[in-house]
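Q: Residues per chain are reported as follows:
2 protein chains.
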Amino acid sequence: MALAHKGLESSSIVEGVGFSEKHKLAFSNQELVPVIKDDDMIISDSWDIAVYIEKSYESSTSLFGANNDFNQVKFISSWVDSQLHPLIARCVVRDILDVISPSEHEYFRKSREKRFGRSLEDVVADRKDTRILLKQTLYPIRKALEIGPFLGGDNPNFSDYAIFGAFMWARVTSSFQLLESSDPIYNWRERMLSLYDGLAKKAPSVDI
Amino acid sequence: MALAHKGLESSSIVEGVGFSEKHKLAFSNQELVPVIKDDDMIISDSWDIAVYIEKSYESSTSLFGANNDFNQVKFISSWVDSQLHPLIARCVVRDILDVISPSEHEYFRKSREKRFGRSLEDVVADRKDTRILLKQTLYPIRKALEIGPFLGGDNPNFSDYAIFGAFMWARVTSSFQLLESSDPIYNWRERMLSLYDGLAKKAPSVDI
Chain V
1 MALAHKGLES
11 SSIVEGVGFS
21 EKHKLAFSNQ
31 ELVPVIKDDD
41 MIISDSWDIA
51 VYIEKSYESS
61 TSLFGANNDF
71 NQVKFISSWV
81 DSQLHPLIAR
91 CVVRDILDVI
101 SPSEHEYFRK
111 SREKRFGRSL
121 EDVVADRKDT
131 RILLKQTLYP
141 IRKALEIGPF
151 LGGDNPNFSD
161 YAIFGAFMWA
171 RVTSSFQLLE
181 SSDPIYNWRE
191 RMLSLYDGLA
201 KKAPSVDI
Chain H
1001 MALAHKGLES
1011 SSIVEGVGFS
1021 EKHKLAFSNQ
1031 ELVPVIKDDD
1041 MIISDSWDIA
1051 VYIEKSYESS
1061 TSLFGANNDF
1071 NQVKFISSWV
1081 DSQLHPLIAR
1091 CVVRDILDVI
1101 SPSEHEYFRK
1111 SREKRFGRSL
1121 EDVVADRKDT
1131 RILLKQTLYP
1141 IRKALEIGPF
1151 LGGDNPNFSD
1161 YAIFGAFMWA
1171 RVTSSFQLLE
1181 SSDPIYNWRE
1191 RMLSLYDGLA
1201 KKAPSVDI
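The listed protein sequences derive, respectively, from chains V and H. Read in order, the letters of the first sequence correspond to residues 1 to 208 in my numbering. Read in order, the letters of the second sequence correspond to residues 1001 to 1208 in my numbering.
Treat the hints as calculated values from the structure; they're not laboratory data.
The calculated EDC-like cross-link candidates involving lysine to aspartate or glutamate, where the alpha carbons are at most 16 Å apart (straight line), are: (1) Lys143(V) with Asp1048(H); (2) Lys1143(H) with Asp45(V); (3) Lys1135(H) with Asp1183(H); (4) Lys110(V) with Asp95(V); (5) Lys1143(H) with Asp48(V); (6) Lys143(V) with Asp1045(H); (7) Lys135(V) with Glu180(V).
None of these values were measured; they are calculated from a predicted model.
Build the full structure now, drawing on both the sequences and the hints.
A: Next comes the structure, spelled out in structure tokens:
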């Protein structure tokens, strides 16, 4: 989404990285996606990538607003990492088993159950309650959307993409409904799905 | 802080409003502080006041950044209302009894105990645990401050004032230490206290 925002073309050099295929990322000297390669530059981590493409391609629309408002966007993306992502994980983590290769089930289950301290089935057992907590936690997004269609204002910025990334992760791994259709955030998510000729809609999603 | 940011002078028309003195706010047709009166305009609610003075006094430094970034600031101030303020309340609410008039104890205790569903003493009994949760919840502020000295960047904006307001509320009511001095947010709070010739330091605080 950030590349599309900047009007940059990308060609994928790695076609999907399974949990057992971290060797595919060896060129980046670390083990996590996303990674981009731009000529000789290799950058990983969503935030670092966003800052890199912003500073390298200044002439196109800023990812951080006209005022290059890095601090507030960093607040919001860190809120996503620390408060939104864990709640969504508690709703969808079990379903991820159904969309990854069976050969990776054992790794995924072991590593995630260690992180949560209980079985994946136990984590999601009360996900209808988790969803109520999620709805409360999303309150600041709802208030921001009372003012304009995107966190960035009239147009999306990296704050929108950071939040949307968490919802996209759920969309491609689970059919569990995180949002009620009456929630203004539901419509915002629809707007995000429609951006750039429906770019995000093209990602394979779990049938709903 | 918002008035000082805009370089506006203010004179207090109401000298402190106790819980039993809501009649002093009758002119505003509602019962909560803050309220401002600017010629014939009467505006209540921190957010509405900030938007009003921003739009009425456009020539001075913007409260919402050079790009008038209302949406992201609204996200952050709503996060303060919904996630930060309740946690600080769970640390300081009992101490408020010690700084208000004895004649208002009954009203305060009854109304707040109804809200929390338990005695004020019970609410703060585990406040050392609440403080650990507070520290985790403050993570997005800490990350934003890695980039620059204020949420607003090189200078504070209304996001800083909204967060600072929650800390000031604690400062004037309780001696409970919310932050470790090693926390970068502690130094940010010191910077906020020093702004505008130490304006906020002049507010009466509980001796520590």
